[in-house]
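Chains A and B, in that order, are what the protein sequence lines are. For the first sequence, the residue numbers in this note's numbering are 39 to 288. For the second sequence, the residue numbers in this note's numbering are 5 to 302.
The reader is advised that the hints may include incorrect statements.
Unchecked claim - The list that follows gives simulated cross-link-like pairs (lysine to aspartate or glutamate, EDC-like), each with its CA atoms no further than 20 Å apart:
#, chain 1, residue 1, chain 2, residue 2
1, B, K20, A, D118
2, A, K119, B, E76
3, B, K20, A, E185
4, B, K264, B, E76
I should point out that these hints are in silico values taken from the structure, not numbers from a laboratory.
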Amino acid sequence: MLPLLWMFGMSIRPNEDILGSFSLIPQRVTFDNYATFFSDSSWYSSYLNSIIYTSMNAVMSLVVALPAAYAFSRFRFAGDKHLFFWLLTNRMAPPAVFLLPFFQIYQSVGLFDTHLGVAIAHMLFNVPLAVWILEGFMSGIPREIDETAAIDGYSLPRFFIRIFLPMIRSAIGVTLFFCFMFSWVELLIARTITSVNAKPIAATMTRTVSAAGVDWALLATAGVLTIVPGAIVIWFVRNYIAKGFTMGRV
Amino acid sequence: MSEVQEEPRAADLKRKDNRAWWLVLPVVVSVAFTAVIPLMTVVNFSVQDVFNPNDRIFVGLDWFREISRDPEVRSAFVRTLLFSAQVLLLEIPLGVALAVVMPRRGVWVSVALVLVALPLLIPWNVVGTIWQIFARGDIGLGGWAVNNVLGINFNYTLDSTDAWITVLVMDVWHWTPLVALLAYAGLRSIPEPYFQAAQIDAASAWATFRHIQLPRLRGVLTIAILLRFMDSFMIYTEPFVVTGGGPGNATSFLSILLSKIAVGQFDLGPAGAFSLLYFLIVQILCYVFFTVLTRSGR
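In isolation and in its complexed conformation, chain A is listed as follows (with noise of 0.2 Å):
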């Protein structure tokens, strides 16, 4: 915890008191740079582009893995084994490796610096985590709760979204917890495909080095708000997280 206060208090205290002397208790306290952060367009627009593009990215992942991974815990199918490593091999790619490509491709399908274009370039990462975390908590519940509703009539896909998905609701709050996560962290693939619509707050962060110097308190004030957006999501999920998982009850 000692770093974030500590980022906290150089927030609070003007530019010269951060870089004149070591000092544990800020001497003059200033709440100026939040003030610059949300008077100045091109700060909170990228906020406001960071959590956009989480949230879709969060959303289209879970969407898109939720049947692959209700597959991959309750059916053998050809090749099943090779797919669900392949995808893991997704989430091991170093980012670096995809920065020239992304440019091309995104710059000649139109989706360069764009919110759904950053939204759909972080499912690289976060589809297969979301895939492999719901399938663990998938496994974990009973098969034979499938077997009962086939026989009580359901269809799948009613099985699917009337019993099975409020089962796995933990399962879910965790999903979207990590992938808003990777998302909101990762710069620089959303740095490289966008430019001024969709810009992400840390890539507008690495702009506060300017000719006079870096400017560490604005710079403490953004990281300080970066976290906040994740803190309310977690604060949300906290009681998937916390309540268990239904297998125990059932």
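Once you have looked at the hints, place chain B on chain A.
Structure of chain B alone, referenced to chain A:
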């Protein structure tokens, strides 16, 4: 104390049904667009000498040969491997320990979860920036404390050991929460009767952990170990911000070297070959991990 019976593996109960492919189709399509097409471009680069977009010569596997013989690449590989090993050894036990001591019920659950997860939510370049200041001996709290309270002369910009430690500590601080969160979710999925049984048997806390909690955590720990391995093996932004790969070459990991070649020198051919080799190494290592981890419990 009664041993917990392993449940029959889910794989043994699965129904064979090739129609399941339809369920996987959306994932395959999305991955094809985000991963396969870009990878083809990289393969394309790796076998050509690119002067400009319209002027290329096919060079076959020359770049691969050059890269795999490069001593700088080799030492970066060893360095990265060492770093990943240390990361795993530190973060996995620490994360599990953290998960075990986190509260299970009451108002503190939410507070603890949010506090633990906070470091994960900071964009990577900001994590680097924070630690860059935090570890500084003159104005940073961490560096200042080490220098003046412990009396050790610590300077990560000059001493390569100090730089290594700084990056390692930063990574532990940044990523142990991920292990803790996964392990915590895993622990929560253990049905209450197991603990009641352990209590009746008067099992010690360690025995409960060893025989009930740990076996049940195998699934999530597999995820945690693989994730941490992959990400630490590809670490880029944070050490780049803190030390820039220095002093000397002390913290230039594979990814930092790669981006030096690709962006710094704009050598697309070698960079492509380097990327593919790098990708391949990660895959092979992960495959080994994956097989060992999933088979070990059978």
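Non-conforming hints, listed in increasing numerical order: 2
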